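Chemist: Dock chain B against chain D, hints included.
If you want the building blocks of each chain, they are given just below.
2 protein chains.
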Amino acid sequence: MGDVNRQWVLAERPVGRAVRESDFRLQETPIPSPNSGELLIRTLYLSVAPVMRQYMLDGAGFEKPLAIGDVMRGRGVGVVVESHHPDYAVGDIVQAKLGWQQYVISDGSPWWMMYKVHQRIAPYSTAIGVLGVTGFTSYLGLVDIGEARAGDCVVVSGAAGGVGSNVGQIARNLGCSPIIGIAGTDEKCRLLTQRLGYDAAINYRSENLDQRLGELCPDGIDVFYDNVGGNTLDTALLHLARHARIVLCGRISEYLDNEEQPYTLRNYQRLHKRMARMQAFFIYELEADFPRAEAAMAQWIAEGRLTYAEDVLEGIEQMPRALMRLYEGENRGKQLVRVDAAAETYGRGGDQARA
Amino acid sequence: MGDVNRQWVLAERPVGRAVRESDFRLQETPIPSPNSGELLIRTLYLSVAPVMRQYMLDGAGFEKPLAIGDVMRGRGVGVVVESHHPDYAVGDIVQAKLGWQQYVISDGSPWWMMYKVHQRIAPYSTAIGVLGVTGFTSYLGLVDIGEARAGDCVVVSGAAGGVGSNVGQIARNLGCSPIIGIAGTDEKCRLLTQRLGYDAAINYRSENLDQRLGELCPDGIDVFYDNVGGNTLDTALLHLARHARIVLCGRISEYLDNEEQPYTLRNYQRLHKRMARMQAFFIYELEADFPRAEAAMAQWIAEGRLTYAEDVLEGIEQMPRALMRLYEGENRGKQLVRVDAAAETYGRGGDQARA
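Sequence order for the protein chains is D and B. Heads up: the first sequence is residues 252 to 606, going by our numbering. Heads up: the second sequence is residues 252 to 606, going by our numbering.
Because the hints were derived from the structure by calculation, they are not lab data. Please read all numbers here as calculations on a predicted model, not as lab measurements. Fair warning: there could be bad hints in the mix.
Just so you know, same-sequence chains aren't split out, so a pair can sit in one copy or run between any two.
[As the list claims (entries may be wrong)] Derived pair list, reagent style DSSO-like, types lysine-lysine, alpha-carbon separation capped at 30 Å: (1) K348 <-> K524; (2) K524 <-> K315; (3) K367 <-> K315; (4) K348 <-> K315; (5) K348 <-> K367.
Looking at chain D on its own, in the form it has when it is part of the complex (with noise of 0.2 Å):
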């Protein structure tokens, strides 16, 4: 640290094949200069979503595609340590579009997405996870798109992820039951039901995820929560109760198909036999909710009734790493990266920036 920024550039792009180390450059260029109107942030905790590797592809339907030697793109919480810009102060804590390094320049312009974080009942990481766009994924997309009441069955796939480990204990919050989560190992599904809100658990990988289904839903689901898409979503499609809400938030079991040959459904006609709803959603398209996202779980984290799962490795090195985490299914909650290790020290009395 100190005098150099260190960036990963994209250097490969994935193309039909699953993301690897060699497909990102770490490089080192100078900490660059703000001008007027502009600030410097030094980033404390970056992010990684399933959609990165879409970045790395086609920018995923709403982002300029990355070139070869871009700065990956992504998400980090940071602290202002240089400010030519009359809203934001040195010593201000942001989350906004860092991309994976450890100083950026900013105009505090709307593709920014730069919200200042002003909590300070939980660790600034939270502010890209449980109270950042993860976490009003993981709200807005229950409550709004899902419409989830009191007393739905509420079945939610990747449950042990960023997002999933956030919506059983939403629904747990609203009053839905039973409320079970999806996941890939044993000791996850020991996380789900011992921390993160699960009345029950199921492991797709050791069990018969349609009789379990059948078992733990007698009277059908009222919302999936779909994290995962592929046979995951095909199976939950035959357990849908009357006027079921498949909320589709991800589809990582897919990320490796291509165009030409996506994965088919086989059960959407169950969508006609119980006058049943799949959505998709676009978390950015819902920003006028998300204070009412963030009141909500801040109220519940300060009241004991949400707690966080976060991963968090250790260091800007470990991006890829943490990256691939997610499609090979080993991250436990949020994955991060904490690339400044006194990252939870800033503007809480007396330590300075840039310190």
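Modeler: Below, chain B without anything else, positioned relative to chain D:
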């Protein structure tokens, strides 16, 4: 006619195959007599709908399955010819689940879904067509489920059928544009553009649907009103606009598929990419909204802004043939059978019921 009641009963179930004439048997029974609290209805028109094959097999998930020998289930319009029920008088025109028969006794309980026909602006047949459940399906499917708005690109499959023949015109009255219909013959396609409000039509049998949708919907489909399912739905998925709504109304192309080998959907992942929604509905659950739909449709008819396409066969002998025409794609507009040749004379000046 006169003193016998001719009825079609279920003779055989069309398991794993198309419906055929020998699945039904025409029988003659005495005209029944109503007791206290009951009324006797003489059938004027009967409706057929794709769901009827499911009634013959398993009840379609919301009706009791028919037993062999049961009178076929179906809606119709009739005239009350004898009444011992306080809410109904001789000469009243009603629509209800009359079944495939010339006379029926009813107690008017909710199961019958019996509504009096008050309007006098159009033939009684419209009470089971454009001003009945078929029309309400068209209107509420497009307006409530599809949330069609002015300027939306609306595409309708099975556009020349009972539902589709209304949807294009409703879309036009809402200000949608362009409005594209899909049908299976050139003759139907001409009907769509010349009479039924469509801007353009695609003959899916002779044209390349994928290519034509691309040409006709350069900005993508906002609402896809699907009566067909299968490959047509799959192709439409490739052309969704952002935030598209797919209204799952029917899937007649899949009617021979079974639970073990259902149609597999190739392009469901487009819902993710377009933040789109796919939603099924059951029209009888929207019963509270029927008056709103009826009022809108009746007003448009009165203003000359909604025409109705009916395909009417004569005589109760034609019921099996009428149903089979649906699966064969033979019908132009709503398929009906006129059971009483003097249907329109009742209650319209001088003619007595049971004349």
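Chemist: Hint compliance check: list the failing hint numbers for this structure, sorted ascending.
Modeler: As far as the earlier hints go, not one is violated by this structure.
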